[in-house]
Structure formats: structure tokens, C-alpha cells
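J.: Protein sequence lines correspond, in order, to chains X and C. Numbering-wise, our numbering comes out as the position in the first sequence, counting from 1, plus 82. Numbering-wise, our numbering comes out as the position in the second sequence, counting from 1, plus 14.
Where hints are given, some of them may not hold.
[Said to hold, decoys possible] Partial chain C-side listing against chain X, Cβ under 7 Å, derived:
| # | residue |
| --- | --- |
| 1 | Arg44 |
| 2 | Leu57 |
| 3 | Glu62 |
| 4 | Asn70 |
| 5 | Phe74 |
| 6 | Gly76 |
| 7 | Leu104 |
| 8 | Ser108 |
| 9 | Glu118 |
| 10 | Gly122 |
| 11 | Gly124 |
[Unchecked claim] Think about it this way: if two alpha-carbon atoms lie no more than 25 Å apart in a straight line, the pair counts; the simulated DSS-like pairs of lysine-lysine are:
| # | chain 1 | residue 1 | chain 2 | residue 2 |
| --- | --- | --- | --- | --- |
| 12 | C | Lys27 | X | Lys184 |
| 13 | X | Lys196 | X | Lys151 |
| 14 | X | Lys131 | C | Lys71 |
| 15 | X | Lys104 | X | Lys159 |
| 16 | C | Lys27 | X | Lys177 |
| 17 | C | Lys27 | X | Lys179 |
To be clear, the hints were calculated from the coordinates, so they are not data collected in a lab. Just so it is clear, the structure is predicted and the values come from calculations on it, not from any experiment. Where is the CB? At the ideal position from N, CA and C, for every residue including glycine.
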Amino acid sequence: AQSVAQPEDQVNVAEGNPLTVKCTYSVSGNPYLFWYVQYPNRGLQFLLKYITGDNLVKGSYGFEAEFNKSQTSFHLKKPSALVSDSALYFCAVRKAKTNAGKSTFGDGTTLTVKP
Amino acid sequence: KAGVTQTPRYLIKTRGQQVTLSCSPISGHRSVSWYQQTPGQGLQFLFEYFSETQRNKGNFPGRFSGRQFSNSRSEMNVSTLELGDSALYLCASSLGWTSGDYNEQFFGPGTRLTVL
């Protein structure tokens with residue numbers, strides 16, 4: 083069975099500081115990894131994905147994530163946080179070459195960026 | 015392109031009633047998945063449809079059912095509503111491939127269901 087862990091329910095950072103939202107996964111075989119963001123009363127929005135290739139993936143709004151196979155991690159990062167980045171972030175994984183419905187989502191991490 | 019649309023956005027029902035939620039995917043997307051989101055349980059997968067066939071199913075009771083039409087629009091139905099069914103129901107679409115879909119999902123705004 084596959085799983086995703088987002089070990090921090092809440093991450094607080096000051097505006098302008100770098101931010102990291104952690105994600106570790108477990109899946110048999112190669113993974114497809116995704117990050118989504120959810121703003122209040124909205125659906126999830128896609129940020130970035132790792133399918134294959136470069137371990138460092140760049141996505142929307144200045145976010146990036148690094149795929150680390152040995153540590154089975156896919157942490158989300160941003161060099162300089164904005165107050166508008168405050169939202170709920172979800173990491174998702176599925177085994178390569180499986181359909182979207184096979185995705186497993188983490189429990190989410192609430193990011194709060196303070197001015 | 016228009017995004018994923020879900021109707022209605024808000025719904026209030028009483029225990030024992032049934033409800034039907036609708037989802038229109040992005041044009042060209044053939045895969046539609048449904049999720050239940052609650053504060054305590056997070057994002058729980060309900061089912062996925064592709065080309066009018068249910069491809070995957072989560073661990074929900076038979077009261078939860080769905081279908082997909084030839085234009086890829088999807089509906090989910092919950093019968094005999096219980097208080098615990100109160101949640102945000104999210105629909106997501108993706109391009110979908112029979113050999114495995116590496117594409118991301120696009121989510122609708124959700125339907126907020128309240129069961130009294």
C-alpha cells in the first residue's frame with residue numbers, strides 16, 4: 083500500500099524568509115509526486131509535479147520541490163515567503179503509470195506567513 | 015479553458031434524504047475523481063471514472079455511488095444521508111490515459127454538504 087506523510091500540521095514563517103513544507107512517501111516502484119495548494123473555500127490547485135528526470139522541480143508562484151529517492155522525500159520549498167502563500171498544502175503520490183484515482187494525499191500542512 | 019465546475023456549491027439536507035452532486039470536467043478531460051474532505055479525515059478518495067466506467071473505488075459504503083456520462087460529466091449520489099456525511103465534496107478531472115495517467119488533477123471549488 084502507498085502512503086504519504088506530512089509530519090507538520092502547521093508551519094509558521096516570517097515574510098521574506100525561506101519556507102519548507104515536508105513530505106515523505108511510500109510506494110512500490112517509481113512514484114509520481116504532486117503538490118497542491120488549497121485556499122479557504124476553494125478546491126485544490128496544482129503547484130508542481132515530479133514524474134521523471136531532474137530531481138529539482140520548479141512550479142507555480144515561485145515554489146520548487148526536490149525529489150530525494152533515498153530519503154523518499156519530496157519537500158516543497160520557496161526562497162522567500164509571501165503573506166499570500168498562507169494556505170493549506172497537500173502532497174500526493176501514486177505509483178508510476180497508474181491513474182489519478184490511485185493517488186494518495188497527505189493530511190495537509192497549514193502554512194502561515196506572518197508580515 | 016473553463017475550469018472544473020461543480021453544482022450546487024452549497025447544500026443543506028436532513029438525515030435520511032438523498033443528494034446528487036454534479037461535476038463538469040475541463041473540456042477534453044476524460045477522467046473524473048471524487049473526494050470527500052473533512053477536518054478530521056482529510057481528503058478521502060471516493061471513486062474515479064474514465065470513459066463512463068468506474069476505474070477505482072475508495073472505502074466508502076454503498077450509499078455513495080456515481081456515474082459518468084458520455085460527455086465526461088459526472089454525478090455522485092449519496093442515499094440515506096447521515097450526519098457524518100457533512101463535508102466538502104471535491105471533484106477533480108485529468109486528461110486520463112488507459113496506460114496510466116501522469117497528469118495532474120484539476121479540482122473544482124467543491125460542494126459543501128451539510129446534513130442536519
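J.: For each hint, tell me whether it holds in the structure or not.
T.: The hints, checked one at a time:
At its closest, the beta carbon of C:Arg44 sits 11 Å from a beta carbon of chain X; the interface hint therefore is violated under the 7 Å criterion. The interface hint given for C:Leu57 holds, since its Cβ lies 4 Å from the closest Cβ of chain X, which is under the 7 Å cut-off. For C:Glu62, the interface hint holds, since its Cβ comes within 7 Å of a Cβ in chain X; the closest pair sits about 3 Å apart. With 7 Å as the threshold, the beta carbon of C:Asn70 comes within range of chain X, its nearest partner Cβ sitting at about 4 Å, so the hint holds.
The closest approach between the C-beta of C:Phe74 and any C-beta of chain X is roughly 13 Å, which is over the 7 Å cut-off, so the hint fails. A cut of 7 Å between beta carbons decides the hint on C:Gly76: the least distance to chain X is about 18 Å, and the hint is violated. A cut of 7 Å between beta carbons decides the hint on C:Leu104: the least distance to chain X is about 6 Å, and the hint holds. The closest approach between the C-beta of C:Ser108 and any C-beta of chain X is roughly 5 Å, which is under the 7 Å cut-off, so the hint is satisfied.
Here the hint on C:Glu118 is kept, as its CB sits about 4 Å from the closest CB of chain X, short of 7 Å. Nearest Cβ of chain X to the Cβ of C:Gly122: about 5 Å, under the 7 Å cut. The hint holds. The beta carbon of C:Gly124 is positioned within 7 Å of a beta carbon in chain X (closest approach about 5 Å), and the interface hint is therefore held. Straight-line distance between C-alpha atoms of C:Lys27 and X:Lys184 comes to about 30 Å, which puts the hinted pair past the 25 Å bound.
A threshold of 25 Å between alpha carbons decides the hint, and for X:Lys196 with X:Lys151 the separation of about 32 Å lies outside it, so the pair is violated. Between the alpha carbons of X:Lys131 and C:Lys71 the distance comes to roughly 24 Å, so the proposed pair stays at or under 25 Å and holds. Only pairs whose Cα atoms come within 25 Å are accepted, and X:Lys104 paired with X:Lys159 is accepted, the gap being roughly 9 Å. The hinted pair formed by C:Lys27 and X:Lys177 fails the criterion: a straight-line CA distance of about 38 Å is larger than 25 Å.
Restraint check for C:Lys27 and X:Lys179: the C-alpha separation of about 39 Å exceeds 25 Å, so the hint is violated.
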